[in-house]
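> These are the residues of each chain, in order.
Protein chains: 2
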Amino acid sequence: MLADSFGEKKQNRMYSQDLLLNKVNEALNKIAYPAQPENLYAPIRYELSLGGKRIRPVLMLMAYNLFRDDVDSILSNAIALETYHNFTLLHDDVMDRAEMRRGKPCVHKVWGDNAAILSGDAMLILAYRLMTEYNQKEPEVVSKALKTFTEATLGVCDGQQYDIEYETRNDVTEAEYMEMIRLKTSLLLACALKIGAQLADASDSDADLLYQFGEKMGLAFQLQDDLLDVYGDPAVFGKKIGGDILCNKKTYMLINALQMANEQQRVELNQWIERKEFDANEKIQAVRAIYDAVGIRQVCEAKIEELFAESLRALDLVDVESEKKQGLRDFAHQLMHRKY
Amino acid sequence: MLADSFGEKKQNRMYSQDLLLNKVNEALNKIAYPAQPENLYAPIRYELSLGGKRIRPVLMLMAYNLFRDDVDSILSNAIALETYHNFTLLHDDVMDRAEMRRGKPCVHKVWGDNAAILSGDAMLILAYRLMTEYNQKEPEVVSKALKTFTEATLGVCDGQQYDIEYETRNDVTEAEYMEMIRLKTSLLLACALKIGAQLADASDSDADLLYQFGEKMGLAFQLQDDLLDVYGDPAVFGKKIGGDILCNKKTYMLINALQMANEQQRVELNQWIERKEFDANEKIQAVRAIYDAVGIRQVCEAKIEELFAESLRALDLVDVESEKKQGLRDFAHQLMHRKY
Chain R
261 MLADSFGEKK QNRMYSQDLL LNKVNEALNK IAYPAQPENL YAPIRYELSL
311 GGKRIRPVLM LMAYNLFRDD VDSILSNAIA LETYHNFTLL HDDVMDRAEM
361 RRGKPCVHKV WGDNAAILSG DAMLILAYRL MTEYNQKEPE VVSKALKTFT
411 EATLGVCDGQ QYDIEYETRN DVTEAEYMEM IRLKTSLLLA CALKIGAQLA
461 DASDSDADLL YQFGEKMGLA FQLQDDLLDV YGDPAVFGKK IGGDILCNKK
511 TYMLINALQM ANEQQRVELN QWIERKEFDA NEKIQAVRAI YDAVGIRQVC
561 EAKIEELFAE SLRALDLVDV ESEKKQGLRD FAHQLMHRKY
Chain P
261 MLADSFGEKK QNRMYSQDLL LNKVNEALNK IAYPAQPENL YAPIRYELSL
311 GGKRIRPVLM LMAYNLFRDD VDSILSNAIA LETYHNFTLL HDDVMDRAEM
361 RRGKPCVHKV WGDNAAILSG DAMLILAYRL MTEYNQKEPE VVSKALKTFT
411 EATLGVCDGQ QYDIEYETRN DVTEAEYMEM IRLKTSLLLA CALKIGAQLA
461 DASDSDADLL YQFGEKMGLA FQLQDDLLDV YGDPAVFGKK IGGDILCNKK
511 TYMLINALQM ANEQQRVELN QWIERKEFDA NEKIQAVRAI YDAVGIRQVC
561 EAKIEELFAE SLRALDLVDV ESEKKQGLRD FAHQLMHRKY
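Chains R and P, in that order, give the protein sequences.
Using this note's numbering, read the first sequence as starting at 261 and increasing by one per residue.
Using this note's numbering, read the second sequence as starting at 261 and increasing by one per residue.
It is worth saying that the hints were derived from the structure and are not from the lab.
Note that CB positions come from ideal geometry on N, CA and C, so glycine has one too.
Keep in mind that the hints are not guaranteed to be accurate.
Claimed, not checked - 35 Å max Cα-Cα, derived DSBU-like pairs, lysine-lysine:
| # | chain 1 | residue 1 | chain 2 | residue 2 |
| --- | --- | --- | --- | --- |
| 1 | P | Lys584 | P | Lys407 |
| 2 | P | Lys404 | R | Lys283 |
| 3 | P | Lys509 | R | Lys369 |
| 4 | P | Lys543 | P | Lys369 |
Unchecked claim - In silico contact screen, one side only, chain R against chain P (beta carbon under 8 Å); selected entries:
| # | residue |
| --- | --- |
| 5 | Met355 |
| 6 | Ile377 |
| 7 | Leu378 |
| 8 | Asp381 |
| 9 | Ala382 |
| 10 | Leu384 |
| 11 | Tyr388 |
| 12 | Arg389 |
| 13 | Val527 |
| 14 | Leu529 |
If we strip away everything but chain R, and leave its shape as in the complex, we get (with noise of 0.2 Å):
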């Protein structure tokens, strides 16, 4: 206080990222379900239970300590997030009919299907009610911040209806596709991270600033994420190599090697999307021997190149002393900084 009325700015304690990730584990790990019905909530601990990074509630929590440092007042904020980010994991797994999530089996082939999509209805339940019952803010920056929170939420069921209508048609377009993986996947880094700032009361300006850094970032790592998936190395990736091409996945990669293919490359390509009877290995060294011809790793690197420095670009522009974005830079490049 006195400090403040002399002129001279406050300090704010800064958070690493891994104590932050420390403060969302705990939260999440203190969530109090009710006991009953047992196999409603059974499955909810469980999706929670199998771990992951955490980006969304981290990302959340280093936005809003650019501008304030008390982090455990917006706790809530941040689990209703990965709550409901975990939500989509446990409805796309039944969609997708999907056996394994990290490691274990998935909550529809432990409890069926219709505990899945129950107990999956009653996550985006509990991600709104830490959104709003447990809201600690005033209640204009709750409104402003649940804006947000819709907005992703809505906006990511639109990206998931895009990629299933995508599996089945084969003029998917590079916009209609950077369109669907920003849905998708960048919309809630931009909207955690805008979340963040709004709780925080930042300016608008520098929400948006926050939001495009995450936009931005989000498809950067989309992007190496498909680059990965041909041309990474199992072991690093965690993942087998190859599941895109095997599955005629319409991403920016086969999309512009048809683009820049030359006639016969082309027709090679179209003919292994349509052969239904295929060997795998065969058809991934076919089609990868394709992209390298056509140089498409090249043109994906150069455009993730281009996305993350825009990233970084948005980050910079936050109005806040350099050094306390250092986190987020640091994050940013973490998360981009994956060996293939």
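Please arrange chain P on chain R, whose structure you already have, making use of the hints.
Showing chain P alone in chain R's frame:
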């Protein structure tokens, strides 16, 4: 204004149920869904266009109208509740593998399971958006109403889970059954009324009494629905008779019949429950004969009367001129006086 300053009681305009129903249907028709992705929003429009009596939003508006007459100001809340209710129907139909809903094929029969799951998720989010973003009331009032809404949405999940679990249990007690139907059916009616009162800034006591009115009315309604499933006239009831008997649903009647039956009747009833192959009509006739011998119809009717009377008593205690409450009284009678 002048009348007020002379201490005269300001007269609310009281809207008829039909007029409120029109307002609800108009507001539902006016919801501006995004044009894309078409296959995400088409199922939502379809589900909401199947009609129905819009009981919950109309009850909310009627409760609000007891205290204030600017009912248009809470239309978004009212259609939020209807959107939420239709979301539960959509997902329940997936879980129950239902074929038809209000005479038309269920969403999952038209668009497939995945679209039904995802559109349902979007509907739940839209319901929260209508309840928050488009809310025209003061933040304090919104947050009170929102808490009641979330109590309902989570409770209905609990109820659905119990309903699923009780299908495979033979030792469901009367208390368990009553709690299940309270959660699955009554709670949303109770909360519709309570939210209406809360948005009108009514006293907590009046809001709670309206909640009780809805809760008891809902229980009476559900027990009557169970009774009609056994003793109703198919032409009036609108669906096949005996469905609960065929699937051994542990209703108030079955649970109490097992309690009240003599040894021979109990053995016979249990044999029907355990029999895997049977003639549908024969089973219905046989179980109904035991019900008749035990006198379960009278027991159930007495319970319905008791709950209905409790319901009206709670309404009577709401601190509003009696004639204003006539609309809600009429509504309750309409709901109950289905012929059988």
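> For each hint, tell me whether it holds in the structure or not.
Hints, one by one, checked against the model:
Using a Cα cut-off of 35 Å, the hinted pair Lys584(P) and Lys407(P) holds, with the two alpha carbons roughly 27 Å apart. As the CA atoms of Lys404(P) and Lys283(R) are separated by approximately 29 Å, the hinted pair is consistent with the 35 Å bound. This hinted pair checks out: Lys509(P) and Lys369(R) have alpha carbons roughly 27 Å apart, not beyond 35 Å. Of the supplied pair hints, the one linking Lys543(P) and Lys369(P) holds, its CA atoms being roughly 30 Å apart against a limit of 35 Å.
For Met355(R), the suggested interface contact is upheld, since its CB lies about 4 Å from the closest CB of chain P, less than 8 Å. This hint holds: Ile377(R) has a C-beta 6 Å from the nearest C-beta of chain P, less than the 8 Å allowed. Because the beta carbon of Leu378(R) sits about 6 Å from the nearest beta carbon in chain P, less than 8 Å, this interface hint is met. For Asp381(R), the suggested interface contact is upheld, since its CB lies about 6 Å from the closest CB of chain P, less than 8 Å.
Against a cut-off of 8 Å between C-beta atoms, the interface hint on Ala382(R) holds, since the closest Cβ of chain P lies about 4 Å away. A hinted interface residue such as Leu384(R) counts as satisfied when its beta carbon comes closer than 8 Å to some beta carbon of chain P; here the least separation is about 6 Å, so the hint holds. Among the interface hints, the one on Tyr388(R) holds; its C-beta lies about 5 Å from the nearest C-beta in chain P, closer than the 8 Å criterion. With a least beta-carbon distance of about 5 Å to chain P, the hint placing Arg389(R) at the interface is held under the 8 Å criterion.
Nearest Cβ of chain P to the Cβ of Val527(R): about 31 Å, over the 8 Å cut. The hint is violated. For Leu529(R), the interface hint is violated, the least distance from its beta-carbon to any beta-carbon of chain P being 27 Å, above 8 Å.
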